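There are 4 protein chains.
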Amino acid sequence: MSTTLRPGSEQAQLQTAVLGPTGYSGFELTRILLGHPRLKPPLLLRRDSENGPATLDEVYPHLSGNGSYPLEPFSWSRLEKSGAELLFLATPHELSRELMPEAIRRGLRVVDLSGAWRLKQAENRAVYKFTDADPAEAARLDEAAVYGCPELHRDRLRLAQLVANPGCYANSIILALAPVVFGKLVDSEYGIICDSKSGVSGAGKTPTAKTHFVEVADNLSAYSLFNHRHLGEMLEQLGLHNGQLIFTPHLLPIPRGILSTIYVRFRKEMTATELEACYRQFYCGCAWVRVFGTRMPQIQYSVRSNYCDIGFCLAPDGRRAVIVSCLDNLVKGAAGLAVQNLNVMYGWDEREGLQ
Amino acid sequence: MSTTLRPGSEQAQLQTAVLGPTGYSGFELTRILLGHPRLKPPLLLRRDSENGPATLDEVYPHLSGNGSYPLEPFSWSRLEKSGAELLFLATPHELSRELMPEAIRRGLRVVDLSGAWRLKQAENRAVYKFTDADPAEAARLDEAAVYGCPELHRDRLRLAQLVANPGCYANSIILALAPVVFGKLVDSEYGIICDSKSGVSGAGKTPTAKTHFVEVADNLSAYSLFNHRHLGEMLEQLGLHNGQLIFTPHLLPIPRGILSTIYVRFRKEMTATELEACYRQFYCGCAWVRVFGTRMPQIQYSVRSNYCDIGFCLAPDGRRAVIVSCLDNLVKGAAGLAVQNLNVMYGWDEREGLQ
Amino acid sequence: MSTTLRPGSEQAQLQTAVLGPTGYSGFELTRILLGHPRLKPPLLLRRDSENGPATLDEVYPHLSGNGSYPLEPFSWSRLEKSGAELLFLATPHELSRELMPEAIRRGLRVVDLSGAWRLKQAENRAVYKFTDADPAEAARLDEAAVYGCPELHRDRLRLAQLVANPGCYANSIILALAPVVFGKLVDSEYGIICDSKSGVSGAGKTPTAKTHFVEVADNLSAYSLFNHRHLGEMLEQLGLHNGQLIFTPHLLPIPRGILSTIYVRFRKEMTATELEACYRQFYCGCAWVRVFGTRMPQIQYSVRSNYCDIGFCLAPDGRRAVIVSCLDNLVKGAAGLAVQNLNVMYGWDEREGLQ
Amino acid sequence: MSTTLRPGSEQAQLQTAVLGPTGYSGFELTRILLGHPRLKPPLLLRRDSENGPATLDEVYPHLSGNGSYPLEPFSWSRLEKSGAELLFLATPHELSRELMPEAIRRGLRVVDLSGAWRLKQAENRAVYKFTDADPAEAARLDEAAVYGCPELHRDRLRLAQLVANPGCYANSIILALAPVVFGKLVDSEYGIICDSKSGVSGAGKTPTAKTHFVEVADNLSAYSLFNHRHLGEMLEQLGLHNGQLIFTPHLLPIPRGILSTIYVRFRKEMTATELEACYRQFYCGCAWVRVFGTRMPQIQYSVRSNYCDIGFCLAPDGRRAVIVSCLDNLVKGAAGLAVQNLNVMYGWDEREGLQ
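Chains as they are written, first to last, in the working numbering: chain A, 1 to 355; chain B, 356 to 710; chain C, 711 to 1065; chain D, 1066 to 1420.
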């Protein structure tokens, strides 16, 4: 998918910048931005100030054939000179945490793809072990950050300066549960079980024993039981307290895509028609959620798109249901969602650049 | 894994036969039988009486290099002439249902790998829509059949004439739950959630849209929600009634292996030590169950072996747990288990031929 | 990648039709056509006149979310009523052979994705065993058909009524060899060896033993040695006679993508600089061939794009080289190339709708 | 495949040791040795003297369930104390090079799985850049080392003290070519083309960008063109000079297995019958080479076995042929072959422990 040719240059107005375009999310993001009709080509900044690759197409030959994409070392002055109004941070959370105060002071709008600014409650943030230079300032930013889920926070995102892009697992589960949790249909006394399976790109580009082909292929494994970092996001966004939601991630032998199988018990007997209506009503007008009803989504259907697909199956007693949601962890779970947030922040159609 | 050379021919005594050695389970079974020190080479019978392949190595060149393995058309007379005492049926359940009465009348011991004889309760059997020529005789066999799970029914298997080999999903879940269900630790009021993922060989060798490489690769899908055929086995074996256990199978893009992630709530607070002790005690002396304790099993660990691996993770509150079990659907979920049952039926060490 | 929203409806002019949009190539083609700025949404026709699926999104839920895509039974009258000027045949070669005469009589321009009309020489066509109702008419069409390789036949394609879209393997090899064969650099006395590896989608959507996940995964196999149907195309297009080119295809355990490794001997000693210049000159102005020079292309770089990537490595003696070409068998090897041909036929930029 | 239970302890005589049992080849080797009827359980030595894992089952839980397998830090004294007569080195070639002189001085027989001692000609060894402490001694060992290909050097292996186990690619190509090269059928003037494809375990267990799941999956790439380290072995063993054989390895998205597609031109016209006879005669009595004749081997047929499978297809002119060989890179390409060499060295049946 080459997206370097742009339909109408008269629309190209906004300058953006990407810090960290060589990781999997950063690269996916850059490809989307390069094809976005309302954007200038993004300024591409690498973290390692020296000796890094000179162009993005050198790292990803996928991109070659239509000019070159220079990578420049990050500096505030380079960023300022570019005239970038919006900065995407596709960086480790420690670096996002470190850079954000200065970015905000400089008046930049920032979409951060890391986990640095997603959590409001200190006890949930504890898992990240942040060490902030100025804790008071960090606390103000924690407070000001808007969780980048347009389906839930569209209005607040329009004016947000700091957008914390959701985690990939979290987004797949929050979108699947929001209609029935906020609709007060779920009996959370019984616990909500979220059994998620993700492709390997979610683990990042750095080679580790966990991502070695021979360890992943022909295999499946569960990990981070009861203590995955995305759990806090789910609880905060869904208004649940710890213990009401169990989350188990698994590593799938595929490059990308997440499927979450979610088990809920309802307060009252439901019909499939009522349940489907609940989802359709909740996501009415949402371009990037597809309600499948009783048809089951599969990872293949949404992969390489910005869709989150949601289907369900009611138990014969109408009191319990299995909800299945799928999304591409690099698109609706990261880069595509970041661009959807950009679109909301600038008042554009949420589909711009994502079709 | 070539197993055609046999260590000591003086031990080779028992003649067995396999009907259906060309399917995935039948082939796996044949390979194991060929290496079993207490068995003569099995008589290999194919269902299609005409025009089928002449040898098993023609279908599976994996097997070539050490003589040839003739496939003969099935007939009762051929079977009788061979002197086979024990017949393995690796056949569709309709055919197992049809052939069993005659096999039993002829005094054969039978291990049936299909779902034909696993269920005791008529309402659970309904899903198979059996049409028996002699319903009364079928009912007697339904009654007499022993569910082939040595870890639960070892004593009854010793004398059984008709052994119904468990379903692959069912075995992975029954073994994972038996210690805590029979130990009355589980609060089944809250429901037991079984989220299983299986490799494609479980779907059989006949090509279908569901098993096409392009449909399976880079994908994951849930199927047969609330109505998979193995559900009845789980309920009957665990003594649960419908509604107490939810089972969701998924199709993994791998050739073989099952991982089941199981969510339970306990009647009282448990420690990991207590829970591990419960499993170790229950499976004490069981060669083919490995209790992993709080280490998580992975599909790779047990694939191509007859092990069922079981691990768990307790929630911080000690009241809920995630139990993970893994096995190879073609070995501990089918062919290996069939041979383990054979070993029990003849009073041999359960490990014979399975190492 | 959803491409159903179209940038500017004022550009939508040409009506096209696709016969066979439910196969892998047909679906890929339809997705591209739906996003092409100069086209109306294509008329989608299915071969089976009755009882087929009613919409394409029913077959491919990937496509849902932005309206529905009706599938209609094929008939000439339906086609005429639609006003379609150009017909894509994504049909088996027998059907393409059967329908073409009438399509041509009706004045339609046709891009045929099958092997029906690619070959000029009767001895090469023999492998297909065509049975034409009117052999004389078929012979005229064989003569008139233009091989749809824009990099070789751009001028003739502009005016062509019948375009025979190249085979996927053939295109990967013809593009890799054309510069050095037509540049008279290759010593064909020594034979040209083409060792190709393709993903499974090239084998089509119909489930067979060959495409069963368990047979393909963790495997590699060579097939159709010395007699693959694409061999004739390569010989004819490159002006070689049988025996000068050996072609061995292999089935890779991946969904899509072809890599061809090609071994040639040169008439004289070459340098890498000279060889790269030869390729760059030959493909100057060709948007969809990327000359990698001495960097090796990989399947991942071109998959899901319309690029054919070509790299090479010279032997130390400068007399022999290994040329490696990669393309996506469903895009540059089928659907994308069909759209590139459409662009050429209508005088548009070859990149239209393919970015 | 668990192989820890041993059929007859009265046979257990020889003590062996493995240095490096935690790598892929070392682990495969250990599993085979544990099931070998003529061996005591091997002494398992790890290279990192401190802080390494305490047992092999800790690294590979596959192995658990039947006792534990302690890993001890390597030292000459520990080795001597164990009474080991034969040492397997599953170590990087630098370390094999360093340790070998002392091992030989101590009278140990050694099977080295690295590339350290395979090459006789200094110009071929240059690619490894060995830095020997005592070059003269190293030269004597280079001279004394026997290339561990029993099909070619069975007699010399019986008495060898230092066996250099062949490279996985090299073995697949040497075995495929030996009958026709030594039979003087091949016209090497035309060059022999060897196009090989290997699974990822051949690249070792250390995580690198090259072995990251996301980089390998859905991909294929050629690498090390004209300069792979195994080229020298092929030339030396086949008696060819550089330029007569071109070798191109590719990285397959599978865990294990090699398929080599080899293109040769014969000095005279051959029939398939003659060619098959040539192979059958050459490998008569060889337990671990399966001559497939005109049936094509596939990776699946030989994977997890010690077989090398060889098939071929003659061109219609009878002057050229494509030879296809398959083997498991970790078994017949490494660990299984090492045990086959052990069997030859001790005068045992070559099949011992490998069935």
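Check each hint, because a few of them may be wrong.
Unchecked claim - Simulated pairs of lysine to aspartate or glutamate, EDC-like, Cα-Cα distance not exceeding 20 angstroms: (1) Lys920/C - Asp412/B; (2) Lys978/C - Glu1254/D; (3) Lys268/A - Asp403/B; (4) Lys1275/D - Glu72/A; (5) Lys475/B - Glu440/B; (6) Lys1275/D - Glu58/A; (7) Lys623/B - Glu189/A; (8) Lys830/C - Asp842/C; (9) Lys920/C - Glu413/B; (10) Lys623/B - Asp672/B; (11) Lys565/B - Asp842/C; (12) Lys839/C - Glu795/C; (13) Lys1333/D - Asp842/C; (14) Lys210/A - Glu1123/D; (15) Lys565/B - Glu782/C; (16) Lys839/C - Glu861/C; (17) Lys210/A - Asp1122/D.
Everything labelled a hint here was simulated from the structure, so no lab data went into it.
Quick caveat, the model's predicted, so the values are computed rather than measured.
These are the hints, each one checked on the structure:
1. Lys920/C - Asp412/B: holds (18 angstroms)
2. Lys978/C - Glu1254/D: holds (16 angstroms)
3. Lys268/A - Asp403/B: violated (53 angstroms)
4. Lys1275/D - Glu72/A: Violated. Lys1275/D to Glu72/A sits at ~25 angstroms, over the 20 angstroms cutoff.
5. Lys475/B - Glu440/B: Judged against 20 angstroms, a Cα distance of about 26 angstroms means the pair is violated.
6. Lys1275/D - Glu58/A: holds (16 angstroms)
7. Lys623/B - Glu189/A: holds (16 angstroms)
8. Lys830/C - Asp842/C: Holds - the C-alpha atoms of Asp842/C and Lys830/C are around 15 angstroms apart, at most 20 angstroms.
9. Lys920/C - Glu413/B: Holds, at about 16 angstroms.
10. Lys623/B - Asp672/B: Between Lys623/B and Asp672/B the Cα gap is close to 10 angstroms, so the pair holds against 20 angstroms.
11. Lys565/B - Asp842/C: violated (36 angstroms)
12. Lys839/C - Glu795/C: violated (30 angstroms)
13. Lys1333/D - Asp842/C: violated (41 angstroms)
14. Lys210/A - Glu1123/D: Holds, because 16 angstroms separates the two Cα atoms, which is no more than 20 angstroms.
15. Lys565/B - Glu782/C: violated (25 angstroms)
16. Lys839/C - Glu861/C: violated (29 angstroms)
17. Lys210/A - Asp1122/D: This hinted pair holds, its Cα atoms lying about 18 angstroms apart.
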